[in-house]
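This note's numbering applies: residue 24 is where the sequence shown begins, and numbers increase by one.
For each label pair, taking beta carbons as the anchor points, the in silico distance ranges come out as:
#, residue 1, residue 2, range
1, 112, 24, 57 to 65 angstroms
2, 112, 61, 25 to 33 angstroms
3, 197, 269, 17 to 25 angstroms
4, 43, 112, 31 to 39 angstroms
No wet-lab data here; the hints were simulated from the structure. It should be emphasised that the depicted structure is a prediction, and the values quoted were computed from it without experimental measurement. Glycine is no exception: its CB is placed at the ideal position from the N, C-alpha and C atoms.
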Amino acid sequence: MAIRMSNEFRRLVPELRYEPTPKRLRARLGDEVVLESRRAIVLWEPGRHIPVHAVPEDDVVARLEPAAPGEGGANHTADGDLLTVRAGGHTAAGKAFRLSDPDLSGYIVCETDAFDWFEEDELVIGHPPDPFSRIDMRATSRHVRVLLDGAVLAETTRSVILFEGRLPPRSYIPREDVNWDLLESVDLVTVCPYKGHAHYWTAPGLGDGRPVAWSYGPEFPEMAQIHGLVAFFDERTDVEVDGQVSARPSTAWT
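Using the sequences and the hints given, assemble the complete structure.
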(Lines of atoms letter the chains of each structure in order from A and count residues from 1; the text may use other names and numbers.)
(Lines give C-alpha, C1' and ligand atoms only; values in the text may rest on other atoms or scores of the structure.)
Protein backbone atom coordinates (compact mmCIF):
# COMPACT_ATOMS: atom_id res chain seq x y z
CA MET A 1 0.00 0.00 0.00
CA ALA A 2 1.39 3.40 -0.97
CA ILE A 3 1.90 5.93 1.84
CA ARG A 4 1.49 9.67 1.40
CA MET A 5 4.37 11.19 3.38
CA SER A 6 2.47 14.29 4.54
CA ASN A 7 -0.18 12.05 6.10
CA GLU A 8 2.52 10.06 7.89
CA PHE A 9 4.04 13.23 9.34
CA ARG A 10 0.62 14.30 10.60
CA ARG A 11 0.04 10.88 12.17
CA LEU A 12 3.19 11.25 14.27
CA VAL A 13 2.43 14.75 15.59
CA PRO A 14 0.97 13.47 18.92
CA GLU A 15 4.23 11.58 19.62
CA LEU A 16 7.54 12.76 21.10
CA ARG A 17 9.80 12.86 18.02
CA TYR A 18 13.51 13.52 17.52
CA GLU A 19 16.27 13.40 14.92
CA PRO A 20 20.05 13.54 15.57
CA THR A 21 21.86 16.44 13.95
CA PRO A 22 25.51 16.30 12.80
CA LYS A 23 25.98 20.03 13.46
CA ARG A 24 28.09 21.26 16.37
CA LEU A 25 25.71 23.16 18.62
CA ARG A 26 26.53 25.88 21.11
CA ALA A 27 24.37 28.16 23.25
CA ARG A 28 25.20 31.27 25.26
CA LEU A 29 23.45 33.11 28.06
CA GLY A 30 24.72 36.64 27.85
CA ASP A 31 28.47 36.26 27.35
CA GLU A 32 28.62 32.86 29.06
CA VAL A 33 28.68 29.50 27.25
CA VAL A 34 25.82 27.30 28.43
CA LEU A 35 26.38 24.20 26.33
CA GLU A 36 28.51 22.81 23.53
CA SER A 37 27.57 19.54 21.87
CA ARG A 38 28.26 17.32 18.89
CA ARG A 39 25.49 14.98 20.03
CA ALA A 40 22.51 17.33 19.79
CA ILE A 41 19.08 16.33 18.58
CA VAL A 42 16.24 18.25 17.01
CA LEU A 43 13.16 17.53 19.12
CA TRP A 44 9.42 17.92 18.62
CA GLU A 45 7.33 17.64 21.77
CA PRO A 46 3.93 15.92 21.47
CA GLY A 47 1.46 18.00 19.49
CA ARG A 48 4.11 20.53 18.46
CA HIS A 49 5.16 21.44 14.93
CA ILE A 50 8.01 23.79 15.91
CA PRO A 51 11.19 21.98 16.98
CA VAL A 52 13.66 22.72 19.77
CA HIS A 53 17.22 21.61 20.44
CA ALA A 54 18.14 19.08 23.12
CA VAL A 55 21.61 17.90 24.21
CA PRO A 56 23.02 15.32 26.65
CA GLU A 57 23.34 16.77 30.13
CA ASP A 58 27.09 16.06 30.04
CA ASP A 59 27.36 18.70 27.29
CA VAL A 60 25.81 21.42 29.46
CA VAL A 61 28.56 23.45 31.15
CA ALA A 62 26.22 25.81 33.01
CA ARG A 63 24.76 24.97 36.40
CA LEU A 64 21.35 23.32 36.35
CA GLU A 65 19.06 23.30 39.36
CA PRO A 66 15.37 22.53 39.92
CA ALA A 67 13.16 25.46 39.02
CA ALA A 68 11.20 27.08 41.82
CA PRO A 69 7.40 26.86 41.61
CA GLY A 70 6.08 29.35 39.08
CA GLU A 71 9.52 30.08 37.61
CA GLY A 72 9.45 30.78 33.86
CA GLY A 73 9.34 27.85 31.55
CA ALA A 74 7.40 26.92 28.45
CA ASN A 75 4.24 24.83 28.51
CA HIS A 76 6.01 21.55 27.84
CA THR A 77 3.95 18.67 26.51
CA ALA A 78 6.61 16.01 27.14
CA ASP A 79 7.21 14.49 30.58
CA GLY A 80 10.17 15.83 32.52
CA ASP A 81 11.46 18.30 35.10
CA LEU A 82 11.71 22.08 34.76
CA LEU A 83 15.17 23.52 35.44
CA THR A 84 16.84 26.87 36.00
CA VAL A 85 20.13 27.64 34.21
CA ARG A 86 22.90 29.65 35.88
CA ALA A 87 26.02 30.74 34.03
CA GLY A 88 28.37 33.35 35.46
CA GLY A 89 26.17 36.17 36.69
CA HIS A 90 23.31 35.23 34.40
CA THR A 91 20.17 33.27 35.27
CA ALA A 92 17.50 31.76 33.01
CA ALA A 93 14.78 30.78 35.48
CA GLY A 94 12.79 27.75 34.37
CA LYS A 95 14.22 27.89 30.85
CA ALA A 96 15.54 24.31 30.66
CA PHE A 97 13.81 20.95 30.85
CA ARG A 98 15.14 17.46 31.65
CA LEU A 99 13.34 14.86 29.56
CA SER A 100 12.12 11.74 31.35
CA ASP A 101 11.44 9.64 28.22
CA PRO A 102 13.58 6.47 28.57
CA ASP A 103 14.89 6.73 25.01
CA LEU A 104 16.08 10.30 25.68
CA SER A 105 17.16 9.85 29.27
CA GLY A 106 19.64 12.55 30.30
CA TYR A 107 18.77 14.94 27.48
CA ILE A 108 18.20 18.59 28.32
CA VAL A 109 15.96 20.94 26.34
CA CYS A 110 16.90 24.62 26.53
CA GLU A 111 14.25 27.09 25.38
CA THR A 112 14.99 28.69 22.04
CA ASP A 113 14.24 32.30 22.99
CA ALA A 114 16.22 32.29 26.24
CA PHE A 115 19.67 31.76 24.69
CA ASP A 116 21.84 32.72 21.73
CA TRP A 117 22.28 29.63 19.53
CA PHE A 118 25.08 28.74 17.12
CA GLU A 119 25.24 25.89 14.61
CA GLU A 120 28.92 25.48 13.88
CA ASP A 121 30.05 29.16 13.97
CA GLU A 122 26.87 30.73 12.60
CA LEU A 123 24.18 32.37 14.70
CA VAL A 124 20.77 30.69 14.41
CA ILE A 125 17.74 32.94 14.77
CA GLY A 126 14.35 31.56 15.73
CA HIS A 127 13.70 27.88 16.25
CA PRO A 128 16.06 25.14 14.98
CA PRO A 129 15.78 24.45 11.25
CA ASP A 130 13.59 21.44 10.54
CA PRO A 131 15.74 18.75 8.84
CA PHE A 132 12.64 17.43 7.06
CA SER A 133 11.59 20.74 5.56
CA ARG A 134 13.13 22.57 2.63
CA ILE A 135 12.48 25.74 0.67
CA ASP A 136 12.31 26.02 -3.11
CA MET A 137 11.86 29.30 -4.96
CA ARG A 138 10.74 29.48 -8.57
CA ALA A 139 10.22 32.56 -10.71
CA THR A 140 6.92 32.42 -12.58
CA SER A 141 4.96 34.34 -15.21
CA ARG A 142 1.60 33.31 -13.76
CA HIS A 143 -0.84 36.21 -13.57
CA VAL A 144 -1.33 36.80 -9.83
CA ARG A 145 -3.86 39.25 -8.37
CA VAL A 146 -4.31 39.82 -4.64
CA LEU A 147 -7.61 41.37 -3.55
CA LEU A 148 -9.28 42.28 -0.29
CA ASP A 149 -12.91 43.34 -0.14
CA GLY A 150 -12.73 43.76 -3.92
CA ALA A 151 -9.75 46.16 -3.83
CA VAL A 152 -6.62 45.10 -5.73
CA LEU A 153 -3.64 45.05 -3.36
CA ALA A 154 -1.18 43.70 -5.93
CA GLU A 155 -1.08 42.43 -9.51
CA THR A 156 1.90 40.90 -11.29
CA THR A 157 3.20 38.45 -13.89
CA ARG A 158 6.70 38.29 -12.38
CA SER A 159 6.36 36.85 -8.92
CA VAL A 160 8.54 34.28 -7.18
CA ILE A 161 6.65 31.34 -5.68
CA LEU A 162 8.14 30.01 -2.46
CA PHE A 163 7.42 26.35 -1.67
CA GLU A 164 8.09 25.48 1.97
CA GLY A 165 7.37 21.99 3.23
CA ARG A 166 3.77 21.49 4.27
CA LEU A 167 2.92 25.22 4.17
CA PRO A 168 0.87 26.62 1.28
CA PRO A 169 2.94 28.11 -1.59
CA ARG A 170 3.51 31.86 -1.24
CA SER A 171 3.78 34.35 -4.09
CA TYR A 172 6.45 37.01 -3.48
CA ILE A 173 5.66 40.07 -5.57
CA PRO A 174 7.93 42.92 -6.74
CA ARG A 175 7.29 46.15 -4.84
CA GLU A 176 6.53 47.96 -8.08
CA ASP A 177 3.49 45.71 -8.55
CA VAL A 178 2.02 46.42 -5.11
CA ASN A 179 -0.66 49.08 -4.54
CA TRP A 180 1.02 50.94 -1.69
CA ASP A 181 -1.84 53.44 -1.44
CA LEU A 182 -3.85 50.67 0.25
CA LEU A 183 -1.16 49.44 2.68
CA GLU A 184 0.28 50.81 5.89
CA SER A 185 3.34 49.53 7.75
CA VAL A 186 2.86 48.30 11.31
CA ASP A 187 5.22 47.87 14.23
CA LEU A 188 5.44 44.10 14.00
CA VAL A 189 8.54 41.98 13.37
CA THR A 190 8.70 38.19 13.40
CA VAL A 191 11.63 35.80 13.04
CA CYS A 192 12.00 32.83 10.71
CA PRO A 193 15.15 30.68 11.03
CA TYR A 194 15.18 30.15 7.25
CA LYS A 195 14.30 33.61 5.91
CA GLY A 196 15.18 36.13 8.63
CA HIS A 197 13.16 38.99 10.09
CA ALA A 198 9.81 39.87 8.50
CA HIS A 199 8.19 43.34 8.53
CA TYR A 200 4.43 43.70 8.02
CA TRP A 201 1.68 45.84 6.51
CA THR A 202 -2.04 46.14 7.12
CA ALA A 203 -4.73 47.37 4.71
CA PRO A 204 -6.55 50.11 6.68
CA GLY A 205 -10.30 50.01 6.21
CA LEU A 206 -10.19 46.60 4.56
CA GLY A 207 -10.51 43.11 5.97
CA ASP A 208 -10.38 42.57 9.73
CA GLY A 209 -7.46 44.88 10.50
CA ARG A 210 -4.84 42.16 10.87
CA PRO A 211 -1.59 42.29 8.86
CA VAL A 212 -2.04 41.17 5.27
CA ALA A 213 1.50 41.34 3.84
CA TRP A 214 5.14 41.00 4.80
CA SER A 215 8.66 41.23 3.40
CA TYR A 216 12.08 39.87 4.35
CA GLY A 217 15.37 41.74 4.37
CA PRO A 218 18.78 40.59 3.08
CA GLU A 219 19.90 38.59 6.15
CA PHE A 220 20.38 35.22 4.46
CA PRO A 221 22.17 35.18 1.08
CA GLU A 222 20.46 31.92 0.13
CA MET A 223 17.11 33.78 0.27
CA ALA A 224 18.26 36.53 -2.12
CA GLN A 225 15.55 35.65 -4.66
CA ILE A 226 12.83 37.00 -2.34
CA HIS A 227 14.70 39.81 -0.60
CA GLY A 228 12.54 42.91 -0.63
CA LEU A 229 9.62 41.20 -2.37
CA VAL A 230 6.18 41.31 -0.77
CA ALA A 231 4.10 38.27 0.17
CA PHE A 232 0.44 38.30 1.15
CA PHE A 233 -1.48 36.08 3.53
CA ASP A 234 -3.49 33.78 1.29
CA GLU A 235 -5.48 33.03 4.45
CA ARG A 236 -6.65 36.68 4.78
CA THR A 237 -6.87 37.88 1.17
CA ASP A 238 -8.41 36.65 -2.07
CA VAL A 239 -5.79 35.44 -4.55
CA GLU A 240 -6.42 34.91 -8.25
CA VAL A 241 -3.92 32.93 -10.30
CA ASP A 242 -4.40 33.02 -14.08
CA GLY A 243 -7.99 34.13 -13.53
CA GLN A 244 -8.90 31.39 -11.08
CA VAL A 245 -9.69 32.24 -7.46
CA SER A 246 -7.66 30.17 -5.01
CA ALA A 247 -9.34 28.77 -1.93
CA ARG A 248 -8.13 30.38 1.28
CA PRO A 249 -5.94 27.82 3.08
CA SER A 250 -6.48 26.95 6.72
CA THR A 251 -3.27 27.43 8.73
CA ALA A 252 -2.13 28.89 12.03
CA TRP A 253 -2.44 32.34 10.39
CA THR A 254 -6.05 31.98 9.28
